[in-house]
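Since the structure of chain A is already known, use the hints to place chain B on it.
Protein chains: 2
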Amino acid sequence: MLYARAVHAKAIQLAKIALEITAAAGSGHPTSAASLAHLVTVLMYDHMRYDPDAPDARGSDRLVLSEGHACPIVYAAAADIGIRIGQGPSRRMTLEDATRLRQIDSEVDGHPNPAEGFPFFPAATGSLGQGLSIAAGLALASRLDCGDARMFCIIGDGESREGQIQEALDFILEHRAYGVCPIFNCNGYGQTGEISDLQSPDSMAARLETSGFDVRLIDGHDPTSIRSALDAHARVATTLDARPIAIVARTVKGWGSPSLQDRNLHGKAITGDALTRALEELDDTARRLDARWAVGELRIPTPRTKQAPRTVRHEDLPSFREALERYGDDGWDNADTLATRKAYGVALRALGHVDPRVVALDGDVGNSTYSELFADDPDLEGRFFECRIAEQNMMSCAVGLWKGGYVPFASTFGKFVTRAYDQIEMAMVSRAAIKMVGSHCGVSLAADGPSQMALPDVAFFRSISATRNRAGAPLCYVLQPADARAAYELTLAMARHDGPCYMRTVRPDVPILPNGDGVRFELGGHRVVRTGEDALIVASGYMVHEAVKALEILAKHGVRPTLVDLYSLPFDEEAIAELARDNNGLVLSVEDNYGGGIGSAIAEVVTERALPVRARRLHVRRVPKSGRDPDDVLAALSLSADDIARECMELAKADQR
Amino acid sequence: MLYARAVHAKAIQLAKIALEITAAAGSGHPTSAASLAHLVTVLMYDHMRYDPDAPDARGSDRLVLSEGHACPIVYAAAADIGIRIGQGPSRRMTLEDATRLRQIDSEVDGHPNPAEGFPFFPAATGSLGQGLSIAAGLALASRLDCGDARMFCIIGDGESREGQIQEALDFILEHRAYGVCPIFNCNGYGQTGEISDLQSPDSMAARLETSGFDVRLIDGHDPTSIRSALDAHARVATTLDARPIAIVARTVKGWGSPSLQDRNLHGKAITGDALTRALEELDDTARRLDARWAVGELRIPTPRTKQAPRTVRHEDLPSFREALERYGDDGWDNADTLATRKAYGVALRALGHVDPRVVALDGDVGNSTYSELFADDPDLEGRFFECRIAEQNMMSCAVGLWKGGYVPFASTFGKFVTRAYDQIEMAMVSRAAIKMVGSHCGVSLAADGPSQMALPDVAFFRSISATRNRAGAPLCYVLQPADARAAYELTLAMARHDGPCYMRTVRPDVPILPNGDGVRFELGGHRVVRTGEDALIVASGYMVHEAVKALEILAKHGVRPTLVDLYSLPFDEEAIAELARDNNGLVLSVEDNYGGGIGSAIAEVVTERALPVRARRLHVRRVPKSGRDPDDVLAALSLSADDIARECMELAKADQR
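Protein sequences appear in the order of chains A and B.
Counting with numbering that gives the first Met the number 0, you get residues 0 to 656 for the letters of the first sequence.
Counting with numbering that gives the first Met the number 0, you get residues 0 to 656 for the letters of the second sequence.
Hints were generated in silico from the structure; no laboratory data involved.
Check before you lean on any hint, since a few could be wrong.
Listed next, with one range per pair, are the computed distances between beta-carbon atoms [claimed, not checked]:
#	chain 1	residue 1	chain 2	residue 2	range
1	B	Pro510	A	Asp104	24 to 34 Å
2	A	Glu649	B	Ala56	39 to 49 Å
3	A	His313	B	Ala472	50 to 60 Å
4	B	Arg620	A	Gly81	30 to 40 Å
5	A	Gly517	B	Glu532	47 to 57 Å
Where chain A lies over chain B, by a calculated footprint (3+ residues, C-beta under 8 Å) [said to hold, decoys possible]:
#	region
6	114-125
7	362-374
8	602-616
If you want a taste of the chain B side facing chain A, the calculated C-beta under 7 Å gives, among others [what the hints assert, rightly or not]:
#	residue
9	Glu158
10	Gln165
11	Leu197
12	Ser450
13	Ala458
14	Phe459
15	Arg621
16	Val622
Here the structure is a predicted model, which means the values were calculated and not measured.
Beta carbons are placed, not taken as given, at the ideal position from N, Cα and C, and that holds for glycine.
Isolated chain A, as found in the complex (with noise of 0.2 Å):
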């Protein structure tokens, strides 16, 4: 009774606080809040085991709040607790650093942010359904670690409609992260109304036992149903036979202020009257349960920090012929064509050999992009994660796998990384430096057709690396290796760079240009295939092969462009405008994607420096459909080196008139 008593006498003062707090904030969701007063008290002051003075601790247990837009009720316990909080110096927070919730200045961010400063929270959510993944991929870096710690979950009930959601459970049974708690908090309502009868409390829960689960179906406000309930996971996070623990909660919206459940008050801030109805009557039911708060009778658990210490040997690494002839298939060492999906395979290997913080995941498509090299060597046991046909799960999963002190590498078809933009931004909000590389990328693949062709994803990963982190460095690279050298050591450079990086590797074995030997490849740079005077050709990835037969044919023309392989983005400015200067002004970018990509880039640097520059953009400029070979593609497309040479040449003559 005691127990209860005080998590009552909490929960209730919690959520006074997140109803004052966003009423200060003029917006947010403090009936959410309210629905989850009693779990986050119990969770937050009695069951996880972190410490306050270091709450992104390894070792520690972790809240993943999925249904983020309930962040209030957290940030009430931080400010009562005071958990540290800010970027760079940290404080304990305090009931003031709540009221600036959501100030442009405030660590306390609308959603739950960590990148602004507020360390509790292990990943950015709010864009719904991804928390469960995340704290999928903390708990396997937890057990990597040899640790015991939990990651809880919170999820809400219409979040669960997202497929993720079932991606995500359905990953956790496989691997049997039995370290993630996930606990369904059902108070009934979404954002325009009732939830559906399929997310009903019973509807969840029988479909979680048909699952696997062992489920327990609580009283979301029983402060001993839910320690008994957090409980029963304990006894069976670190086990791999007994059956995972699932909690569903009926919670109440706008709990402990009838006056908030009367209607669906979603995303709205309580102020005036009504905030002051809500925060008597919230006192109205701290008398009816005689809630008592009694120092003592919580206590937030000291975690069990324990960490495997890891050597990183990088300057180990053989180079890109002595990896193809240890890790690579028969005859790739002495290779004169190689596909740049298998030099990433190689170097993904490479590196597990001599960084134990890699890790890899695939969707089912391994021996496509050649993460199965790394899946496959017995040395590298346990860090390779099948994530199945499943790609929004894996790229969150990711995440989780950053947070806990890993270097995700996550690999699929370039076309299916598609499935998880949404994912990947919230994974940019995060700052997480997760490694996507995407395989089969642009038309080259050709007989399969376009369902399994990557065509926007230049585009979409550019306006991402355009934005910039705080010490004003790109915040996410965009990297298109040309062949398997390049792809060999950029796999290398991205695992050595703090920040999250795009790879698109393309499935025909390519020839391995003749002047890499002496190249540096590195994030930001590009590459010089051959330096004429007459124009420049900047090309990427695949097309670079096709540039370099345009050459031979421009050549018999007499002409003679400059070639780059524009392997990065971003890249160097200045060296670009200057071989676009030293080239007659006259630049053709060559691209196997939709456009947006190398092409806008130059067009910016030309522009912004007022160049006297005539650019085309040859790119893919229709949907694309299957064809029998590369070339036949990329004729139907008008991208075949003869279209190349011939637009070159009218480049150069549309300058003359």
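Chain B alone, transformed into the frame defined by chain A:
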């Protein structure tokens, strides 16, 4: 017995054709195809009601092959039956057509791709997990037509791991779209290996039963079991009170050819001796099963073609102000400021009244996007589909509604549209004229923070808008109305246009620009807000209003730029080039996204023409955070009116240096 023998004979014939045509193509998925030999035979020769001479006719039963890679089996049947193929002039498909599988000039693409001339498939598939949602949209369209057509959807077992499948199942249950017959093809193998136990036939059946389906767990190679399961579906397809049927079929990858079953041959064409052997084994299987084709034993039933006559009266659409009065909330008709999202809702409702093809979908945010104005109108009952928090299903479902003859408007926050970018790309492969509306775009929503802000969306959609359809017109338009009048007119324009569009609305009320009355808003258009001479400021959406404020600041400094509201991508390039020339060749673009939008588009226009232009681009260059007011957020991102004015003056100065 006769029936079974006939089905076996035909199934074996089709499996052989599938082997041969993938061998001819040199790639493809013959073993997946063979696992569907019986299911497809029973469906296409005996059960589905369609006309091989008009496979795309409204009122027909449809087959959505969600596991698109298995398409060779359908091509085999289509060639055998002589189903019409071809763009423009059509012809009956022959075996020779099938043998041209995956050729660049073939209608028979690597994955289902109706736009290339194979109209039997209602939509492009192959990026997995999307078909069931498309089938659901088709079923809703049929119901709106008062038709009884049934939509068969074949889903792979590995594919079922995609969360969108669960989203679609929930949607089917909630909307009682029982015209959909989900058929799970459990052949036990994915690309890299065995399917997870979680997707075993028993596990799938149990999950479906728990969700509310009446499951038929059958041997997918037993003709009579298949027939009776499909007959069971026929009995409930048009009811609203029965339990819906789902079929889970145990099948064999590489059925009929033991040599193809001894290892996982996913996605490999079988050639040479292996092909000879596999074909011989199929003959052996035929003998063992006493397979015998009997003319007349299987017969394709005729569809009950019926379609409600529909009168479209766009000429009766009210004017902007009339519409606000008739369909808006109190006071909107006289408002000076109004959010573009509100005008969207008004326009959608107005369209509903004059265009019975217009239907609407939303993802539990109809009170934010204002699609609720349509949803709540009793005259439009039955034409709004609440998709809840499951955006992937929503977008694919819209594709189905489009293919069923409707004009679907699908809305949610622009941020959450991102969730469906892969589905949208597939919709573009289908050339589906879906209308996508993202609200709360950019940073002006402020308080909720970056998890709710659409930021790379313009770059993504611009790259698609750079592609052309067969007629040479833009495949897709991106629309960014700056005020309520523009949003109203552009919503109407979207409905008139027979192609996909993405419109971006914003949260705050914004001024209705005074000079809007005489302006026509159209796809591809722009409006000159203020004519000056010193520089050209080009803005879109919310940022037009910041730019207007900047004009006032600049006027105090004696600087008079021209301001263009560039609300459409693509746009009239010549007109914009002319404006740049007329304004000293100084261009400043102003956007509330991550770039790659109108600023990049203008840079391309300029460099293509080698115009002497100096351009600067203002856009979001770091991950935003919450602020209580749009002005706070814009100032923090250096995008305020002051920033615009300062950049404009610096642009002029830079040019003088």
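Hints, verified against the model:
| no. | hint | verdict |
| --- | --- | --- |
| 1 | B/Pro510 x A/Asp104: 24 to 34 Å | holds, 28 Å |
| 2 | A/Glu649 x B/Ala56: 39 to 49 Å | holds, 46 Å |
| 3 | A/His313 x B/Ala472: 50 to 60 Å | holds, 52 Å |
| 4 | B/Arg620 x A/Gly81: 30 to 40 Å | holds, 35 Å |
| 5 | A/Gly517 x B/Glu532: 47 to 57 Å | holds, 52 Å |
| 6 | 114-125 | holds (count 5) |
| 7 | 362-374 | holds (count 6) |
| 8 | 602-616 | holds (count 13) |
| 9 | Glu158 | holds, 6 Å |
| 10 | Gln165 | holds, 4 Å |
| 11 | Leu197 | holds, 5 Å |
| 12 | Ser450 | holds, 3 Å |
| 13 | Ala458 | holds, 4 Å |
| 14 | Phe459 | holds, 5 Å |
| 15 | Arg621 | holds, 5 Å |
| 16 | Val622 | holds, 6 Å |
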